[in-house]
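S.K.: Sequence:
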Amino acid sequence: MQRPRRLHLPFPASQFRRRRQHAHLLRESQDCNRVLPSVESDIQPNNQTEESGLNDAASLSDASDAPPDALSDTHSEPEDIRVQEIIQEAVAALPMGSVDNNESQQYEEPESEPWLQTMLHPVHPVGNGDSDFHSQLEDSLGDQPAETYIPTTMNDPSEVLVHARAEPDEMLDHFTLALGLWCEKSGISRRHYEALREVLQIPEDIGALRSLPLGLSTLKKKCRAQFPMLPIRRASIPAVSLKMPTLSPAEKRLIQTSLTSNLFFQDPVALLSLLARSPVFRKKIHIGMADLVDNPTELWQSWSWGSSIRCTWNEQEIHIGRIQFVGRDRRLACTKPGEIVLIVQYTITANSFDKRIHSLRPPLCPNELLLLEDQETHIIHEDNILARLDVHLDYTFDGSGSYKPSETNGLFVRRVMNTIRDTSSVQELRLSTPLRGELEIAAYGRDMLIKMLCPGDPIKRTISIPFQLFIDGFGLYRNMYRNITGFYMIPAGLNDSERRRRNNVYTIALGPHATNFPDVVEALAPGLQAVERGFDIVVTGEGTVRVIAPCIAYLGDMPQQNDNAGIKRPTATVSCRSCTVSDAERFNMNFDLVKRGRYHYQLLNLRAEIEAKRTVREREALWKTHGLAKESPPVLKICPALNLVTFFPSDPCHSEFSGLSKIAHTLLISHILTPEGQKEYCQTLQRFPFRRRWARLQSPITHLESYQIQEHARASIVIPIILRFALKPDWIQTVVQQALYNSFGEQSIDPDIPCLLLAKTFGAIARSNSLLTSQTSVGYNELKSVVANARTMLQKVIDATIMAAEAPRSASRAVWMLRSRQNSPVFNQIVTPPTEDISINTVSIAPKAGKMLHALKHRPNMHIGVHYADQAKEYAVPNNCNVLIGEDKHREYKAFVQRTNKRDVEKVLLIHESFKRTISLTLDGALMESEPYITSQMKQLHRECPILMQDLVRSEHNEQQDDDENADEADDSYATTPFHTLINAYCRLPASRKVMELLGLQSARLSELPVTHPFLQKLRLSYSSDWAYQHMLGRGSTPIRLFQKLTFTFNGDAHRTTLKLDDLVEYTRASGTKIGQIRCIFTHNQGSSWRVFFAMFSAHEIRRERVLDLPILQVNRDEIHIIGLPAIRKPSLYTIPVSKDSERLELDSALPTTFLNCTWSVSFL
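Just so you know, we're using our numbering here: the sequence shown kicks off at 26 and counts up by one.
Be aware that a few hints might be false.
In the DSSO-like style, the derived pairs of lysine-lysine whose C-alpha atoms are separated by at most 30 Å in a straight line are [unchecked claim]:
(1) Lys704 x Lys821
(2) Lys932 x Lys268
(3) Lys485 x Lys361
(4) Lys620 x Lys638
(5) Lys964 x Lys941
(6) Lys785 x Lys876
If you're looking for bench data, these hints aren't it; they were derived computationally from the structure.
Could you build all of it, start to finish, from the sequences and the hints given here?
M.R.: And the structure:
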């Protein structure tokens, strides 16, 4: 067998290969022949022989495609010819100019190949008479290995990456080079480098840099010593040795009585004192009475604020007895905006002419009042109040006894009547929800509340700062082996956008690992009770002010909320915090919440009765029957005026996204679609346009179980649109199609019916998610109907999958399908909706798969939907109680703990939090009186290092997004508005003829246009209506600038808003809100600033989509409109191009004119 040939070259084979490729590229691009000098005499070939080899250059080229070990160490007989050709190819790869016999010419590198300039630098003159060329070649390559391989292939499709070398005049000095190397090593971000550069500009000489401490810990310690840190307190609490993994069980039992742990927590009084002194915080928080509005969305517009004495007392001395709500009138129909109004609950007496009261047992006493519930809202002005009546509210009456008039002093209430129904709806007062004001009076007493809220001189004013307290345990190292409990305070007076900022979530404590929750709460109780009762501070310009900070709600996920409320966890038979529904009844969307509901005083009395039982067995049985935890709610020690039912709202994000939406998506993938349907569905999902800023979804076939909340949220919006326009009958299993007909009771045999039913079901879920997880406010009945409808339709889909799972897996399936259509007993036994007395045994005939599917209908997330309407009444919208911002705060600690030494992590994290809060409050001016020097220093640093200061006081990534670095680098000043700040325009476009024709212009210089030009008239109108310029000062000498994209921060939002060409947006006009499609983004210079405008086509709704009930928009391309940036108050609409008949997607259309406007909106971080 022949040995592969190996040739010896005086330079590396890789260099030979690159030069050969470069020469090939040059020959193709320049299409010319180069004169090759004869240099074979300067290179001596290695004299070896071979049995059989290549005889010409062509065969050499063929052999180069073989692998390296296929070459031989020997060569063929005509050696001189072969070596000459090899050398000629190598030299041909060198850059050479045309050869002149008289003089040598300098070779010029082509500008179109910048990578050649780097690879072939420096370039030497080459000519026929250049006798030094061969020696230079040998000198430059003489240090290379003597034996290398010839390149194996000339058909390499790869490309050489460009590496731009610095020119001689661009070489860095030692300091800049060292700084660049440090940045490469440390991996700092662009933002951090900008902050570092600001800091390095401060020293005027190098002495300040030379005097820096040698150790990083020394520098940090000295830095923190400059500030009056927010005080951190420490308490010793019992530790649970059984939760510690480092001891044996026997050792844990031995030290159980003596083991303690340190709890570090923020002093809430000191924190709230500085917040109340901060002018910045006071400016962005709502302080005062509640606002009565038509569609409440914020917490200060809700009943939780308006029904509390401590939240409303800071302006007027108004007593809330059976007055349900006190606030300022902000309704559209009000005659005097801002006037104080009250919502009252009417009563009837024994002298009333209402016939329904005569059948009451026991009958009404002469001095008894009967409260009317569910009556229409009665709003009165404060001037209509004549006097305050002392009325006794009896929450102990259970309907068995009767009052004698002599036993009561004055008027009393013990029963409530629902006036919409008949007299049978009368119930005891204890089975109603008490007002927050009544609970505050019961907890503190009327006299104590008056002293607390009306202290008199020298206190000039009382202000209230209500808050929500988020409590949740989380694994510090991304698992639960080291779990700690976070207590975070969220001011309720901030609007929704501000509450979703991580910087506005204030850490109170981090409960240590291996401790009990009640012990942690007991240690925190003194400080939190102090802010509940109020404390006095001195505020500059206001004198002595009393600050009261009541907790209006506790937030957490479902297990934590059950612990907070003293209810058994969700796995128990009875586990709902608001009613006594059992696990077998959770599917029922018409569950009687009045008769089977939980009520505050009922729970207190029930606990007292159970505790009075003599034996442990009796108590255990009653705890289980009523779904109560053995210990009373620990948070009662913090807030004695809380309501055991309404103070623990549900989190809609977890229940809807991780619960309902995940169930529906799992059914679709695993039980409804065929394998081919799964493939088609995923391919459509990959191509489907998502809302801007939404990340794409991983394949649900393989990654559905790893989806997080935000993935489920995005999927819940796009799935119904995909199913509506892309789903085909052959994607669905045949047995599931038949089961869907039966489950929904459809009589039609149209093959598209199953597709439409699935699309409608997922659309109902999307609409429910939109109302529950956004700031959209609707009426009580509408919200209740939408949420119940989504769950009912999903249950029908579950029933269909159960029937499909029960279908025989044989040829007799067709017979089963026919029998099910004829309402066979088997079919009825499977799909008949269970009654309230149903148990799991009714589906005992079902196999394991059927039982697992049936269990989906009995999950707690399915039942919780019946309570969201009441939650919206209490907190304006259910989304005001979501826990995502608290869980986002967990992520900050999980990331920061990796930078610590993992010792005393709770203490280290809390010190870091305290230092950051101190800096933020110092910049806000909260320490101006007590610490003037450090405040002035920080103000100066804020002017010199704005990026550093901004990063110190905020936690979220609120700076301009990463694609902002591609913005036009011109130093333009864009005019801002109160709602639009940090404006950047990107991707400047040339004034092409197409764009100019669109705008009706000849050029971008408006100064060349006549005064009456239509474009100028539209621009003047936009200046007047949008920018509030009555007269455009001039056309401007600078041409308008065209851009492809615009970003800005809207109303201080944490996320940037981006607008691009072809986006559809809503804009305001005097006649109302309109919709348009952006066709051009341009800026016009007026005075010293550039103002942003949009050229738009108008769009309007032509109809509603018949299945999803979403609007269909039609773009009118006949006329262009000019709109100013201030007219746009919302991000771009989420629109999907569809066909004109709205029956299919048009994702590949170049210029679509018909769009489906997806108005569903969900909120997630």
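S.K.: Run the structure past the numbered hints and jot down the numbers of the failing ones, going up.
M.R.: none
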